[in-house]
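Please arrange chain B on chain A, whose structure you already have, making use of the hints.
Heads up: the sequence lines are chains A and B, in that order. Residue numbers for the first sequence follow the working numbering, so the first one is 1 and each next one is one higher. Residue numbers for the second sequence follow the working numbering, so the first one is 1001 and each next one is one higher.
By construction, these hints were calculated from the structure, which means they are not laboratory data. Owing to the predicted nature of the structure, the values given are computational and were not obtained by experimental measurement. Careful, some of the hints might be misleading.
According to the in silico footprint, chain A covers these stretches of chain B (three or more CB under 8 angstroms from chain A) [as the list claims (entries may be wrong)]:
1. 1092 to 1100
2. 1120 to 1129
3. 1141 to 1155
4. 1263 to 1269
5. 1279 to 1285
Pulled from the structure, derived: some chain A residues nowhere near chain B, Cβ distances all over 12 angstroms [said to hold, decoys possible]:
6. R8
7. A17
8. F35
9. R38
10. D76
11. P79
12. G182
13. A191
14. D204
15. G208
16. A241
17. A245
18. A253
19. Q310
Calculated lysine to aspartate or glutamate pairs in the DMTMM-like style (CA-CA distance at most 25 angstroms, straight line) [what the hints assert, rightly or not]:
20. A:K47 / B:E1123
21. A:K47 / B:D1124
22. A:K47 / B:D1125
23. B:K1047 / A:E123
24. B:K1047 / A:D125
Note that the Cβ used here is the ideal one computed from N, Cα and C, for glycine as well.
2 protein chains.
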Amino acid sequence: MTVLVALRDWDIDAWVARLRRELPGRNIVTLGEPFDRRAVHYAVSWKHPPGSLAGLPNLSAIFSLGAGVDHLMGDDRLPDVPIMRVVDPDLTSRMSEYIILHCLKILRQQMRYVRQQAERLWEDDRDQPAAADVRVGIMGMGVLGQDAARKLRMIGFDVAGWSRTARSASSVVIEGVEVFTGEEGLAPFLARTDILVCLLPLTDDTRGILDSKLLSGLARTGRTGGAHLINAGRGGLQVEADILACLDDGTLASATLDVFQTEPLPQASPLWTHPRVDITPHNAAMSAPATIARLVAEQIARAERGEPFQHAVDRSRGY
Amino acid sequence: MTVLVALRDWDIDAWVARLRRELPGRNIVTLGEPFDRRAVHYAVSWKHPPGSLAGLPNLSAIFSLGAGVDHLMGDDRLPDVPIMRVVDPDLTSRMSEYIILHCLKILRQQMRYVRQQAERLWEDDRDQPAAADVRVGIMGMGVLGQDAARKLRMIGFDVAGWSRTARSASSVVIEGVEVFTGEEGLAPFLARTDILVCLLPLTDDTRGILDSKLLSGLARTGRTGGAHLINAGRGGLQVEADILACLDDGTLASATLDVFQTEPLPQASPLWTHPRVDITPHNAAMSAPATIARLVAEQIARAERGEPFQHAVDRSRGY
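Just chain A, with the same shape it has in the complex (with noise of 0.2 angstroms):
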């Protein structure tokens, strides 16, 4: 039984050195080298090549080495068997970190103490909005967007989520959190938000929705001087040159992009330089390689087990 390793810009020996450790006994084997098609039972995937998981006879489960498979589906030669994506509570929490994070440093001015301590300037906020003030819209309410939610209420923030579809809206139920639904939710969620984080999977309907119109919606007469943006999603969800423009204009106060519509972020890019922009390089939330082995290892020993798997990806919402 075959285990086919197919990344692309991610090193793959030591994935196929990570995997042997946790898959002891089974053939692990790249797309690089020659292997038996139809001894692959099991294909671990990054961004592999469209159509290298064609033609393969015996193929049952595909796994995302990402909370995302965007990247998988861009492939129309995909096989079509499950595919998971993983779920890491580590990386859960560590997304949650982030968007904490960046919550707290737009409602502490965290960047104005920085530039005031260069130029040795003692003055404070006297009108220091609380938490409890500040209203943060969290687009995409799966598991990382709830735990974030329920993790920025317990911090004192005004928290609300949306959801694309009713479906996943009606499996959230988190004490003080409002979940807003579909098209016609969008505009009263955006209404109410002060700070957007943005959470969402890249499919078809997502791709490019952080843009002039969406961003023109958000609340400008809150607490915190206007409206801010966090993508800690993909960047195939946002539109620079639209964040760019809305920063110019008015329209957004600040954006904090941890993700961009091409990474690494070409050094032409005016968002590296503008005043009001925050640029992490995409690791708000990485998974400990290891432990992404070791999620992939026990989905397969529980589809022998004879045990569903779990987090399998729907198809047709292509998350």
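Only chain B this time, still in chain A's reference frame:
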């Protein structure tokens, strides 16, 4: 029945107006005007001039306008009446905002990414620790310390506390948070702490406690690249010359200071420009003045209904 407002370094007219609003029908007087000393039943103090509350034969209580009462304790002619401090849930929540922000700033190396952005550098830390890998230690487990401990724990940090007295420690039960006590508990508490958060009250026993000796007891082999100090208590707790020496000899990796031995921090202080010091202007937790005025009015109303005061200070402990 008269209320005497005795303040220094704070806008007295605004306080008189707020107290008049919350205490309609009372006579609100200030030190700068003539008043009948026998009519004064209550005093409201923030850094009142020493001796100015003496000679008030019918004084029944003193209300501090802040959580700390160290500003009162230096007055050796302070009348022997109950002293109450402000315990404002909003202030507690704001202090936790500050502590969480700065613990996450350290965990997620935020200042590194600010510097990298200035250099258009796309580089992440593949070995980024999770909150669970980082040990926060809170000195001072009163209302503020307990709230911070509970919230940091929920975010995932490995949290412990330290109380100077066993009496204070015994009342603290937070799941997963060990509370060390007294002189003998200090060394083991420091030895398991990567990020030290100081919220102690300033008393004769705690003055200058944050010195080289104490700081050298912190862990330096943890996942945060050295030991970190966050002082959001009182400036008098810290020995700034020692903190600078510890930063320079590697005992401390960073210091985040909201309070200082002299405030505002003098222009000549080398803390302003130290690359591993973050300064905020004593604004970690400011109560809204309107809230404090309301809390003082509620205490007076309690007393006049024959109920005991809340949040009375124990003079033998000094807080």
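Checked hints:
1. 1092 to 1100: holds (count 6)
2. 1120 to 1129: holds (count 7)
3. 1141 to 1155: With 3 residues close enough to chain A, the hint holds.
4. 1263 to 1269: holds (count 4)
5. 1279 to 1285: holds (count 5)
6. R8: Label holds. Min Cβ-Cβ 17 angstroms, cutoff 12 angstroms.
7. A17: Holds, because the least Cβ-Cβ distance between A17 (chain A) and chain B comes to about 15 angstroms, which exceeds 12 angstroms.
8. F35: Its Cβ never comes within 12 angstroms of chain B, the nearest being 29 angstroms, so this holds.
9. R38: 36 angstroms, holds
10. D76: 31 angstroms, holds
11. P79: Holds: least Cβ distance 31 angstroms, greater than 12 angstroms.
12. G182: 31 angstroms, holds
13. A191: Consistent with the label, A191 (chain A) stays out of reach of chain B, its closest Cβ about 25 angstroms off (over 12 angstroms).
14. D204: At roughly 28 angstroms from the nearest Cβ of chain B, D204 (chain A) sits farther out than 12 angstroms, so the non-interface label holds.
15. G208: 23 angstroms, holds
16. A241: 19 angstroms, holds
17. A245: 20 angstroms, holds
18. A253: Non-interface label on A253 (chain A) holds, nearest chain B Cβ at 18 angstroms vs cutoff 12 angstroms.
19. Q310: Non-interface label stands for Q310 (chain A): nearest chain B Cβ at 21 angstroms, farther than 12 angstroms.
20. A:K47 / B:E1123: Holds, because 20 angstroms separates the two Cα atoms, which is no more than 25 angstroms.
21. A:K47 / B:D1124: Within the cut-off at roughly 20 angstroms; holds.
22. A:K47 / B:D1125: 21 angstroms, holds
23. B:K1047 / A:E123: 20 angstroms, holds
24. B:K1047 / A:D125: Holds. K1047 (chain B) to D125 (chain A) sits at ~21 angstroms (cutoff 25 angstroms).
Checked against the numbered hints given earlier, the structure satisfies every one of them.
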